[in-house]
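Engineer: The residues making up each chain are set out below.
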Amino acid sequence: MSSRQEILDAVRRNRPDARPLPDLPTGAALPHDAVERFAAMVREVGGEAVITGDVSTAIHNRYPEARRVISMMDGAPFTAGSLDGIDLVIIRGELGVVENGAIWVAESAMGHRALPFVTMHLVLVLRATDLVADMHGAYAALGLERRTPGFGVFISGPSKTADIERALVIGAQGPRSLMVVITPP
Amino acid sequence: MTTHPEAAEAFAQDAERTAWHDQALWFVRAKRDQVTRAIPEWEALRTLASGIKAHTLSRLDEYLEQFERNALANGVVVHWAADADEHNRIVLGILRDRGATRLVKSKSMLTEECHLNPYLEAHGITVVDSDLGERIVQLGREAPSHIVMPAIHKRKAEVGALFAEHFGTSPDEDDPGRLADAARGPLRSALFGADAALTGVNFGVAETGGIVVCTNEGNADLGVHLAPIHIACMGIEKLVPRVADLGVFLRLLARSATGQPITAYSSHVVTPRAPGQLHFVIVDNGRSEHLGRPEFREALACIRCGACLNTCPVYRRSGGHSYGSTIPGPIGAILSPGVDLAKHASLPFASTLCGSCGDVCPVKIDIPQQLYRWRQMVGRAGLLPAKKRLTMTLLGGVFGSRAWYEWCGRMARVALRVVPGWLARRTAWGRERELPVAPKESFREWYQRSGRG
Ligand code: SF4
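So the sequence lines, in the order shown, correspond to chains A and B. Each residue of the first sequence is one higher than the one before, starting from 794 at the first, in this note's numbering. Each residue of the second sequence is one higher than the one before, starting from 818 at the first, in this note's numbering.
With the rest of the complex left out, here is chain B:
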């Protein structure tokens, strides 16, 4: 099993790409700062959003039932999926019922989580991801590396090479405008020719039984208003009680995500179009279990804006694929261990605990605190790597005894003077670091010598 440090090392091999990735995401973070500062009540909005989500989670069963009741009254077919398998089977069933074989999808991290594409393809369905970034990673046979910018790990020349292969553009073409233009034709043909369209859900509204989908390209709308079947897949945690709650969340979402005041399209779908079918697939897949973990449940408030990824010094330098899970970055690092602690044991450590993710999160999830708690869970479950476990045991001994601590301090000061830097750089921690200059005496020694003790 590949751990985060191992996968990150592979990404960081390409120093130029890593530097670009770091800068590109930092630029988005800076834009986010700029637009949020233009909203004087920004902090009050975050508090409101966090409060609305906390309330919704505290009565989630009632809101789910209300949402279902209203959706049924609107003529929507409602399905419930306990896990990823059931979700995939339901989607295939809907398609088979109508003899649909060509599906267009618009960005949905939930279907990534359920690995829907390979399942459908194995059953003879042609799936086209219609968001440009999603299409790029689909053509490259990769997973998205970011929840808002799926192809952020790819350089334009690589996109050019992919498009040359699939869309017949010149292999030297690397102008983003011309490349996007080259994809427009094939994507529109797929959208116009689809038998069914599948979307994710940004928000489900209990009060109306409707859903809201936010995109910039318009691909979700092109898909669902042209195809006779719209399937919307929604995690149970996506609900808000009132339609007016959207005022809070739509003000926060795009500003946090990309620094835009709102996405180009915020589509409110309530009834099936005539003639046509509208299906909602409500998916649990571990969420209700997560709700039962008091210390970790607030992560379910996440609105998937990606701000915590953009600001994270570790994510920016290690790339989304290094997390080995559908949701990368800080939010992934606190959600994935709840799904499979052993598999994702290294993720809570993919952080400097600098706290930046918690500061930018529009729904005020205390991500650093959760990372810290997951670290303790990993330790308690005996899942720390042997080296870390040994270090922790040794350090525990050192910090537990004053004499031992003082003696080690003295030794460390000597060691820093005599051990060559290259030796330290052989460890994962020291690889990119210089050793500090050792002080001659410890703080305690100085304190006592100055006669204050």
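This is chain A alone, in the form it adopts within the complex:
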């Protein structure tokens, strides 16, 4: 008998009596100061947050030294060569979550799945209108059960580690900084 069948049979034999599947919360209402709270949470998780309509100036002011810059804002696939040695990647975020500063980025916005991770610095651009209060609201809004991208990720802050004596170090293997530009309606 195959291991698959063996495992499924054992599970069927040993599973407990039926238990109901609980209903899920649909998410809290968005607070009136959602943008400020979201920005504060992005900072709390080690990121930077700017609220401005002038995205390119904000990026230029923060990363004047960046040489190899890849912008995915126009939604074209990434074809610009090596994934190594990228200073800055700019990607549009789809949805921001106020309770934890996380931003959902789907594969189609990245150009290449590795881009948000290989770059030295990452900029995520998010519309102030694309915010939800919590993770329940996020999954309700994304509707991943109906259309799930091949890959998608919630990004909350830059890459970090605390593996040496619990000391927080920003910029482990991934980006050393994350700037979130929130564009007002």
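Quick caveat, the hints were computed from the structure, so don't treat them as lab data. Keep in mind that this is a model prediction, so the values were computed, not measured. There could be a bad hint or two in this list.
Some chain B residues close to chain A (C-beta under 8 Å, calculated; not the full set) [said to hold, decoys possible]: (1) ILE869; (2) ARG876; (3) HIS940; (4) GLY941; (5) ALA968; (6) PRO1003; (7) LEU1004; (8) PHE1009; (9) ASP1012; (10) THR1025; (11) ALA1061; (12) ASP1062; (13) ARG1068; (14) ILE1079; (15) ARG1114; (16) ARG1192.
Where chain B lies over chain A, by a calculated footprint (3+ residues, C-beta under 8 Å) [stated by the list, open to error]: (17) 794 to 808; (18) 857 to 867.
Ideal Cβ placement from N, Cα and C applies to all residues, glycine included.
For chain A, the structure is supplied; the task is to place chain B with the ligand on it using the hints.
Structural biologist: Just chain B with the ligand now, kept in the frame of chain A:
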């Protein structure tokens, strides 16, 4: 066979390290308290999570089949492994098929459980653990001592010494920032140069056939989006029915684990990247058997947050290696006896039954109750150490007879006055304790004397 008290004694030899370890983990516990208090519906979330897991386990075979069906439709290759050996053989087979020799791994307690690294290395595969903490213990030829903070037992000077040997840093370097920076280059080179990437799975979603992997460093993503092969190894108990269930679990996981509102990256992998292969290895290795133990099966709901370790007064002072199993701490102490009762007979006793682990567990596993039940199993199986068995038999006699109990009480009160403290400190129980001052009379004597009897 080393028992928990023996191994713990070795850890506790270094008083300074033990004190640091205790404090560092207590700090994480305190952070967890702080962030959970900021969520007014925290208790409702725990109840929900526990309910979702209980439901999933009650229909696990159906969800496994649904998960497999959807994964296959997404272009994933699905493998089933009955035990650790089969798991290891499957992983090696996938690598050999593509001539892959350089594997990067990101934190997976399951592959630790299966002892995958030594197996692959014996077959000519170079394995680099890409999580910084995992890399530190790998370089030190040790096992992780914590399920979320693998190198928590190591002091920064020891990490400095390891990095001096392997990465050429100064032997005196002990700044965590500079040390992490020194590891960044070599780790990134390994990630960029790998033929295949292996990850664990935090959650498998039956409804979509996708998996979710949570990390802070981004190492899992660097590995899987750069290498042409992604192998994800998942225990059968990792499933949730609906993608929206993740809203509950992602709110609980990082807050319970490290006091963060969410991990830096919560990656949802559904299809292979183009071009590339995606393999899921679904592993049983004793889990279906555990499911068949009604009194113990709720331990399968564990989401491996580590909160029960951080809060445990015994774990904090004895270190993860003292448990002699892949999963240490309270959760390890209730899972390991199910794997090998004789080998892990001392683990259910590595607890004060203070109940703190059950209070912090985000999926509401009644760990103290399970510890207590395993103690009874150990006793029934005749696996208690001779000394404990003798004590239990004697105590059983004492508690079984009123006259005998009263006489012993009187004797104990005399003994506490005349026996010197050093004698008591020669026992494992008394080593770190002072003897109490003996009362002149027992409660019963007092009760009767005051004319209330
Ligand atoms: S038993 Fe509960 S507290 Fe312990 S690791 Fe598992 S989920 Fe976390």
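Engineer: All the hints need checking, so say for each whether the structure fits it.
Structural biologist: How the hints compare with the structure:
1. ILE869: Check passed: Cβ of ILE869/B comes within 6 Å of chain A, closer than 8 Å.
2. ARG876: holds (7 Å)
3. HIS940: violated (20 Å)
4. GLY941: violated (25 Å)
5. ALA968: Constraint on ALA968/B satisfied, holds at 6 Å.
6. PRO1003: violated (10 Å)
7. LEU1004: holds (5 Å)
8. PHE1009: holds (6 Å)
9. ASP1012: violated (16 Å)
10. THR1025: holds (5 Å)
11. ALA1061: Holds, because the Cβ-Cβ distance from ALA1061/B to chain A comes to roughly 4 Å (cut-off 8 Å).
12. ASP1062: holds (7 Å)
13. ARG1068: holds (5 Å)
14. ILE1079: holds (4 Å)
15. ARG1114: holds (6 Å)
16. ARG1192: Result: violated, 23 Å to nearest chain A Cβ.
17. 794 to 808: This one holds; 12 residues, not fewer than the three required, reach chain B with a Cβ under 8 Å.
18. 857 to 867: violated (count 0)
Hint violations for this structure: numbers 3, 4, 6, 9, 16 and 18, all remaining hints satisfied.
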